[in-house]
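Residue numbers are given in our numbering: position 402 of the sequence shown equals residue 402, and the series is strictly consecutive.
Think of the hints as simulated: they come from the structure by calculation, not from any bench.
Incorrect hints may have been included.
[To be verified] Across the chosen pairs, the derived CB separations fall in these ranges:
id	residue 1	residue 2	range
1	Glu557	Met490	43 to 49 Å
2	Val489	Val287	30 to 36 Å
3	Arg547	Ala227	43 to 49 Å
4	Asn196	Leu299	29 to 35 Å
5	Pro414	Gly136	30 to 36 Å
6	Ser110	Glu182	24 to 30 Å
7	Leu250	Asn196	24 to 30 Å
8	Pro414	Pro155	23 to 29 Å
9	Glu557	Ala144	21 to 27 Å
10	Gly223	Leu311	19 to 25 Å
11	Leu311	Leu485	22 to 28 Å
Quick reminder that beta carbons are idealized off the backbone N, C-alpha and C, glycines included.
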Amino acid sequence: MPPLLLLALSAIALSVAAGSERNRQAAAFSACLMLAAAYGAVEQIHTPPGSSLRVAETLSSRQEMVGTVAGDPEGDEENGALQFLFKLEAVHFAEGWRPADSVIRVRMKSPANRAAYGDRWRLQGRYRSYETTYSGTEGTLYTAGSDSVRVQRAPFSLKGLCYKLRRRAAPALQAGVQAFPEHTRLLQALLLGYRNGLPADFYQTFSRTGTLHIFAISGLHVGVMAAILIAGLKMVGVSKPHWGLFLIPLLFFYVLSTGMKPSAFRAFTMAAVYFAAPLVRRRPDSVSAISLSAIILLLMNPLQLGDPGFLLSFTVVSGIVMVHLYVARRLSGFNRPGWAVPLAQISGPRPVMAAGRAVAMLALTSVAAWLFSAPLTAAFFHTVSPAALLGNLAIIPLTFMIVLTGCLSLLAAPVLFSATVVFNHANRVFITLLLAVIKSLGDLPGACRFVCSPSVVTMALWYGGLVLIFVAPRRWGRAGALFFLLAGVMWFAAPLPDVKGVQIAKESDAAIWIRTESSEEQILVTNGDAYGIARASRRLQKEGINRIPTLAVRGAEMDADALYGLCKTFSVQRVWMLPAFRNDAAANRLAESGAQILFSAHPRWSAGDGVITVDLN
1 MPPLLLLALS
11 AIALSVAAGS
21 ERNRQAAAFS
31 ACLMLAAAYG
41 AVEQIHTPPG
51 SSLRVAETLS
61 SRQEMVGTVA
71 GDPEGDEENG
81 ALQFLFKLEA
91 VHFAEGWRPA
101 DSVIRVRMKS
111 PANRAAYGDR
121 WRLQGRYRSY
131 ETTYSGTEGT
141 LYTAGSDSVR
151 VQRAPFSLKG
161 LCYKLRRRAA
171 PALQAGVQAF
181 PEHTRLLQAL
191 LLGYRNGLPA
201 DFYQTFSRTG
211 TLHIFAISGL
221 HVGVMAAILI
231 AGLKMVGVSK
241 PHWGLFLIPL
251 LFFYVLSTGM
261 KPSAFRAFTM
271 AAVYFAAPLV
281 RRRPDSVSAI
291 SLSAIILLLM
301 NPLQLGDPGF
311 LLSFTVVSGI
321 VMVHLYVARR
331 LSGFNRPGWA
341 VPLAQISGPR
351 PVMAAGRAVA
361 MLALTSVAAW
371 LFSAPLTAAF
381 FHTVSPAALL
391 GNLAIIPLTF
401 MIVLTGCLSL
411 LAAPVLFSAT
421 VVFNHANRVF
431 ITLLLAVIKS
441 LGDLPGACRF
451 VCSPSVVTMA
461 LWYGGLVLIF
471 VAPRRWGRAG
481 ALFFLLAGVM
491 WFAAPLPDVK
501 GVQIAKESDA
511 AIWIRTESSE
521 EQILVTNGDA
531 YGIARASRRL
541 QKEGINRIPT
551 LAVRGAEMDA
561 DALYGLCKTF
571 SVQRVWMLPA
581 FRNDAAANRL
591 AESGAQILFS
601 AHPRWSAGDG
611 VITVDLN
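With these hints in hand, go ahead and build the complete structure from the sequences.
And the structure:
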């Protein structure tokens, strides 16, 4: 059966479930089954890989291709480079041009001309494909300005205009705070989506604390922008039922300006559905907005059903709504059908009580987001961040203030430049606090743990238990708690496999993981190049390994930054390398990670009854 037909039938079942008290549960379960069948049908669709690119990569060390700039180019001023997405049209071979229909990432050094969205370029360079598609791209082309020719300038488009306005807005966030580049880069990333300028250690720190989500233009950013616009609409006297006429196009303009990232578009779709309800004389509620926006997005692209961002977004948002309204009903004594209990009704008349409940709701939001995201995060990224439970209590309010103050700074720039400088200095204080909190959380032991992916049964018990606890009638609550606890035991209490003798796992030609019966004798042997280290890291993360006692770096060349990140991520205790690196800057860089640096051409370890010797030459 075609996937779109299955999706349409599931939408009908959902509408029946929402509109009729009778057989509601049966209709909801039918919708879930048809969504699963639709996903299975989509998975079976044969999609040919980017064969032209892969063939070109194997035939020659340099490739030539023609295509169109598909995103807003971002510059790296320190390295004099430009990065952008590139929609391919054709790839050159010895016998001529072959058509191609892929999206790749381009890194251009010393560009002669500034690329713009919609420009048509002819590029030459070294192409490297990814193991799997990453963020919709199949690989990266490394080229130089001397090997790149702009064939045609971009025609006028709304998207190109939005990108141009975003580039003009970026300098306003630097006004008065040019001496603090770290702060301005983070502000531009949070507000405008310019993330390529962030240092690599930023990503590592935020990822370790489970707070990397704040850099995705998503519900928080759209919500702050909507709050500012609503305040303006109230000032000019626009009535609440007509807010959608102004909010929907303005929010779309903002999302388009920040790059139309999938997370931002999902947040906009939910907001648009919510604010459009009064325009058609319907009462807005969160569940309808979530459901209808999911249906709309899946109709536009059914393949999103397997996308980690899509699943995480809707699972977390649905979980937060479930938990908030469950607590709201318990605190207020309400017993209304559905989830549409207005939270304003439980705020109370006293400001102190309202503030206390707001803090409690923030803590509840952090817990709900962690509970509903943990299994999916572990399944897709093999990580669990307990520090996020505590970190979000400070990170979410600080991020809200940073985005709010940044928006006010941009709005004041065309009118009163001095106010922009004041807002930027205020933001510097908020960003300093944010970085201090993040770094403190990152230094906590166990802030981030690599875990094995939970099984399908574990995930079914986990989410089934949560739904029974927060949505089902009270009599099902105990069964839901039992399912949830059983899932936790199956996931976290699962024993690690016993090691018999010596186990050797090889990852590519550049990394070997040696594990012995003694837990202290676990050794990673790597050539030290960034590619091999990245592959080895992913392999160890999937196996739930959080600590590498010994790292042996073989070969005469190594990437010090990549090795430093490996040492920090896996708490490496000692690093063996060749004696030739004794006075090298790379050894000093690795020493900063806290690891003990040792030098030998033939390091040896005892393993049970035998001895392991590694030749580093």
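How the hints compare with the structure:
1. Glu557 - Met490: 43 to 49 Å: With a Cβ separation near 45 Å, Glu557 and Met490 satisfy 43 to 49 Å, so the hint holds.
2. Val489 - Val287: 30 to 36 Å: 31 Å, holds
3. Arg547 - Ala227: 43 to 49 Å: At 44 Å between Cβs, range holds.
4. Asn196 - Leu299: 29 to 35 Å: 32 Å, holds
5. Pro414 - Gly136: 30 to 36 Å: 35 Å, holds
6. Ser110 - Glu182: 24 to 30 Å: 25 Å, holds
7. Leu250 - Asn196: 24 to 30 Å: Holds: the Cβ-Cβ distance is about 27 Å, inside 24 to 30 Å.
8. Pro414 - Pro155: 23 to 29 Å: 27 Å, holds
9. Glu557 - Ala144: 21 to 27 Å: Holds: the Cβ-Cβ distance is about 23 Å, inside 21 to 27 Å.
10. Gly223 - Leu311: 19 to 25 Å: Once the Cβ atoms are compared, 21 Å apart, the range 19 to 25 Å for Leu311 and Gly223 holds.
11. Leu311 - Leu485: 22 to 28 Å: Cβ of Leu311 to Cβ of Leu485: about 24 Å, so the range 22 to 28 Å holds.
Checked against the numbered hints given earlier, the structure satisfies every one of them.
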